[in-house]
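Put chain B on the given structure of chain A with help from the hints.
Next come the chains, spelled out residue by residue.
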Amino acid sequence: MFGSETLRRRIGDFMWLWAFLGIGLMGLLTLRPSPRFPRPEHSRIVVDAGGTPVPIEEPFRGVVFQNPIGPYLSATQAPETVAVAGGRLDRAWFAQELMGRIYPGLLRRDELWTDTMFANTEAMLAYDPGAYLDGTIGPYGAFSVLRSVGLPVLFTSTLADETYDAMCYSEARIETALVGHPERGEALIADNKRAYAELAQELHPETLGAPIRVLTMFSNRSMGRFGAAHFNPFTNIYLQRVGAINASIGWSGANWDDTERILAMNPDYIFLSGSAVTPPGFPKWGVTDGPRDVMRDPRWAGLKAVQAGHVYRLPGWAPGLLENLHLQPLWVRWMAEVLHPDRMQPKLRAMLRAHFVKWFGYRLSDAEIDAQLHIDENGHQPGYTRFLRHDPAGSTQGIAR
Amino acid sequence: MKTTLREVFIPFVGPTHESTLKGYGAYVPWLLVAVLAAAMIGSLGFGAYPIPFARTLSFLVHKLWPFARAANPPFDLRETVVIETVRVPRVLLATLAGIGLGISGTALQGLMRNPLVGPDLVGVSSGAAFGAALAILLLWPPQTVLAMAFLFGLGGMLITFGLAKLTRGNADSMVLILAGVFVGSFFIALIGLIEFIAPDWSFFDIVYWLLGSFVGADAQKVLTIGIPTLIGAFILMKLRWRINLLSLGDDDAASLGVKVRWLRWSIIAVVSLMVASQVATSGIVAWVGLVIPHVARMLVGPDHRRLLPASALLGGLFVLLLDDLTRSIVNAEVPIGILTAFAGTPLICFLFWKTQSKGWTND
Numbered sequence: 001m002f003g004s005e006t007l008r009r010r011i012g013d014f015m016w017l018w019a020f021l022g023i024g025l026m027g028l029l030t031l032r033p034s035p036r037f038p039r040p041e042h043s044r045i046v047v048d049a050g051g052t053p054v055p056i057e058e059p060f061r062g063v064v065f066q067n068p069i070g071p072y073l074s075a076t077q078a079p080e081t082v083a084v085a086g087g088r089l090d091r092a093w094f095a096q097e098l099m100g101r102i103y104p105g106l107l108r109r110d111e112l113w114t115d116t117m118f119a120n121t122e123a124m125l126a127y128d129p130g131a132y133l134d135g136t137i138g139p140y141g142a143f144s145v146l147r148s149v150g151l152p153v154l155f156t157s158t159l160a161d162e163t164y165d166a167m168c169y170s171e172a173r174i175e176t177a178l179v180g181h182p183e184r185g186e187a188l189i190a191d192n193k194r195a196y197a198e199l200a201q202e203l204h205p206e207t208l209g210a211p212i213r214v215l216t217m218f219s220n221r222s223m224g225r226f227g228a229a230h231f232n233p234f235t236n237i238y239l240q241r242v243g244a245i246n247a248s249i250g251w252s253g254a255n256w257d258d259t260e261r262i263l264a265m266n267p268d269y270i271f272l273s274g275s276a277v278t279p280p281g282f283p284k285w286g287v288t289d290g291p292r293d294v295m296r297d298p299r300w301a302g303l304k305a306v307q308a309g310h311v312y313r314l315p316g317w318a319p320g321l322l323e324n325l326h327l328q329p330l331w332v333r334w335m336a337e338v339l340h341p342d343r344m345q346p347k348l349r350a351m352l353r354a355h356f357v358k359w360f361g362y363r364l365s366d367a368e369i370d371a372q373l374h375i376d377e378n379g380h381q382p383g384y385t386r387f388l389r390h391d392p393a394g395s396t397q398g399i400a401r
Numbered sequence: 001m002k003t004t005l006r007e008v009f010i011p012f013v014g015p016t017h018e019s020t021l022k023g024y025g026a027y028v029p030w031l032l033v034a035v036l037a038a039a040m041i042g043s044l045g046f047g048a049y050p051i052p053f054a055r056t057l058s059f060l061v062h063k064l065w066p067f068a069r070a071a072n073p074p075f076d077l078r079e080t081v082v083i084e085t086v087r088v089p090r091v092l093l094a095t096l097a098g099i100g101l102g103i104s105g106t107a108l109q110g111l112m113r114n115p116l117v118g119p120d121l122v123g124v125s126s127g128a129a130f131g132a133a134l135a136i137l138l139l140w141p142p143q144t145v146l147a148m149a150f151l152f153g154l155g156g157m158l159i160t161f162g163l164a165k166l167t168r169g170n171a172d173s174m175v176l177i178l179a180g181v182f183v184g185s186f187f188i189a190l191i192g193l194i195e196f197i198a199p200d201w202s203f204f205d206i207v208y209w210l211l212g213s214f215v216g217a218d219a220q221k222v223l224t225i226g227i228p229t230l231i232g233a234f235i236l237m238k239l240r241w242r243i244n245l246l247s248l249g250d251d252d253a254a255s256l257g258v259k260v261r262w263l264r265w266s267i268i269a270v271v272s273l274m275v276a277s278q279v280a281t282s283g284i285v286a287w288v289g290l291v292i293p294h295v296a297r298m299l300v301g302p303d304h305r306r307l308l309p310a311s312a313l314l315g316g317l318f319v320l321l322l323d324d325l326t327r328s329i330v331n332a333e334v335p336i337g338i339l340t341a342f343a344g345t346p347l348i349c350f351l352f353w354k355t356q357s358k359g360w361t362n363d
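So the sequence lines, in the order shown, correspond to chains A and B. Residue numbers for the first sequence follow our numbering, beginning at 1 and rising by one. Residue numbers for the second sequence follow our numbering, beginning at 1 and rising by one.
These are calculated hints, taken from the structure and not from any lab test. Only a predicted model underlies this, so the values are computations on that prediction, with no experimental measurement involved. Hints are not guaranteed to be accurate.
[Stated by the list, open to error] So the derived list for chain B, only partly shown, Cβ under 8 angstroms to chain A, looks like this:
| no. | residue |
| --- | --- |
| 1 | Y49 |
| 2 | R78 |
| 3 | T80 |
| 4 | V82 |
| 5 | V86 |
Every residue gets a Cβ at the ideal spot worked out from N, C-alpha and C, and that includes glycine.
Next up, chain A with everything else stripped away, as it sits in the complex:
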C-alpha cells in the first residue's frame, strides 16, 4: 500500500494542493502595501479637477497625455512641455490641425509619437514624465494605477461638468497651472466668455423668432453609412446661442442608416461633420460627403435644407461643433453668420486671423483660413460669399512671429 509506486501516485494526486496553496500565498502577498513614490524634494502643488492636490516636481519634466494634444497646446502655448504626444494617427491628425501648423517642431520629433500608450500602464511608467494628464475622472481612467503608487496624475475634468465650456475651462486652468502659467488659463477663459458676450450683443438672440431647426449629420456614401450626430448633448447649447435648436431632439437612440428618421426631422439647415480629406493612414470611414454630395443624393431631395441649399460643412476638423477654447466661439459665430446673415457682419475671416496673431503670434494665411472654413466645399452654397477672401490670389503660407 505504501510502496514507491503507490507513494508517487498518492503524492501526485495531491500536487494540486501545493499548487493552490502556493497561488493562494502569492495572492495574499498582493495585500502588502504597494510601493509608493516619495514626494519630490522640490515641488509645487497643482489641484486637479477632482480636487486632488498633486505635487509636481520642479523643474517640470513634461506631460504625458491620454487625449489629443491640440487643446493642451492651445491653452498652454508650451510645446516644450510635451513628453508624449500620441500615436501615429494622432500625429497625422495633429498635422492637419492649426496647432500643427503653429508648432510644426513637434511633428518632426519622432520620439513624441508612439502607439504604445493606450491602456498600457508599464509603457506610461517607462516615460517618467513630470505629470500624467487624463481627460475625465471616471471609473476607467487609465492612470488609476499610477496615481495609486504616488505618481503625479491629474484629471482635467469630471463627469460633473455639465457643459462642454465647463470641461474646457477646467482643462485650461489645470493645464496652464501645470506649466506654471495659470494666468494664461484665466485670460483664455475670460477671452472666451467675452467672445460669446460680443456675439450676443451683435445677434440679440432674445429677439429672434422661432428657432431655426439645425441637424448635424455625417454621410459617407462610399461606405454606405450616414447618421445624425445628435446624441452628444454638449452641442445643443451652442445652437441655442445662435437662435437654433437641434432638429434631432426627441429622437432617441442612434440614427445610423435610418433615412426615414432624417426625413422626418426635416431640418432647415444641415451641418455636415467630418472631412472630405483625411490624413494618410486614416481609415476610409473618416472621409465624409460634402454639401454637393448630400444635395445630389436622391434620398435627401425632399428635405427643406436641401431644397434651399442650406447644407454646409462645419468649419475646422473637430468632430461636430466641439473645438478648443480658441476656436469654439469663432465657430459659433460662423453658425450665427450662416443662420442670420442679416444680423451679422461678415467679420469671421478677420476675427480668425486677428485671434491667432494675438494669442500665438501666427498670422493665418488665406489658404489656411479657406481650409478651416472649407471654402472649396461651402463656397457655392447660399450666403457663403461673406466668408470668401477678398483677394483671390491671397497668401498660402502662414507666418509665425
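Relative to chain A, chain B alone:
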C-alpha cells in the same frame, strides 16, 4: 446498456488508450505544477516596461530570500512598481481565471456527461457581463462593477435553475442547458441594449470589458477571484471521485451512497460562484472551460481524480500563456477573450471532427 463516462469520452482520448501519457499519468501532476510555476515566474518578465529577465529573477530572489545580498545596482522604484504592483497581480489574475474556468468546465462536463458543455451554459457569464455593463453605463466605481457582475452572475444562475426546476428538469438534463441558453440570450440582448444607449465614453469601456482583459489587475481583483476560485476548486477536488460515480448513472451512484441531487446542485453552485468571480474581475474569457477539459482528458484520461487537477493546472497555464501573448504581439494589448476564441475554436472544431466518425450513443 447505460453509457459510462469512459465510453462518452473515449472518442476524445482514443479507443485503446486511457490517456496519451499511458503509464506516465502519475507524473503529469508534477509536470503541470512545475510548468505552471515556471510559466508564472517567466510571465513576470513580460511587459512594456524594459526590465531584463535576469533582473526580474534577481528581484524575486531578493524579495523572497531573506539572505540574499544587496542588489547592484539597487532596484529602481519604477521596477519595483512594475513587478509588484502591475505584473504580479496580473499573473495571478490570469492564472486564477484559467484555473477556475478549466476546473469548472471539467466538472460540468462530468456532471452532465456531455463533452460539449461549458461554464457559459448556466447563465452566469452573460449575467455577470450584464451586471458589469450596467455598472459601467451608470459610471459606478470599479468596486461596484465587481459587485454588480458578481450579483448578476449569481442571479443568472438562479434564474437558470429556477427555469429548470419549473419544468421539473434535472441538473443533468437538456432542460438545464436550454434554460441556460435562454437566460444567456436574454442577458446578451440586455447587453446589446446597453451598448445601444451608451454614450461614447461608456461604450468603448463596455465593449473592451466584454472582450475580456486582465488590464488593471490589482490586489482587490486577485482576492475577488482568488477566494471563490481556490475554495471552489478545493471543494470540487474533494468531490472528484463522486463525479466519477455519477458516470454510472443516478441509480447506481445513489446505491453506492452518493447523494446525487445534492451533489449536482452543489457542483453547479460552486461552478457558478467561480465563473461569476472570474467574469466580475476580467470580463468574458470564453472557450477555456470548453476546450481545456478535452486537452486534459487527452493527457490524463477521463478519471476525474486526475482530470480535475490537470484541468485546473492546464487552464491556468493556457490563460497565462495567452495573456503573455496579448502583452507581446502588438503594442496595444489584444483582449484575452479574442485570443482564447482564436485558439479555442480550431481546437474544438478538431475535436468535433474527430468525434464525427466515432459518435456517442446510448445503447
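Structure-based check of all given hints:
1. Y49: 4 angstroms, holds
2. R78: Status holds, d = 5 angstroms.
3. T80: 5 angstroms, holds
4. V82: 6 angstroms, holds
5. V86: 5 angstroms, holds
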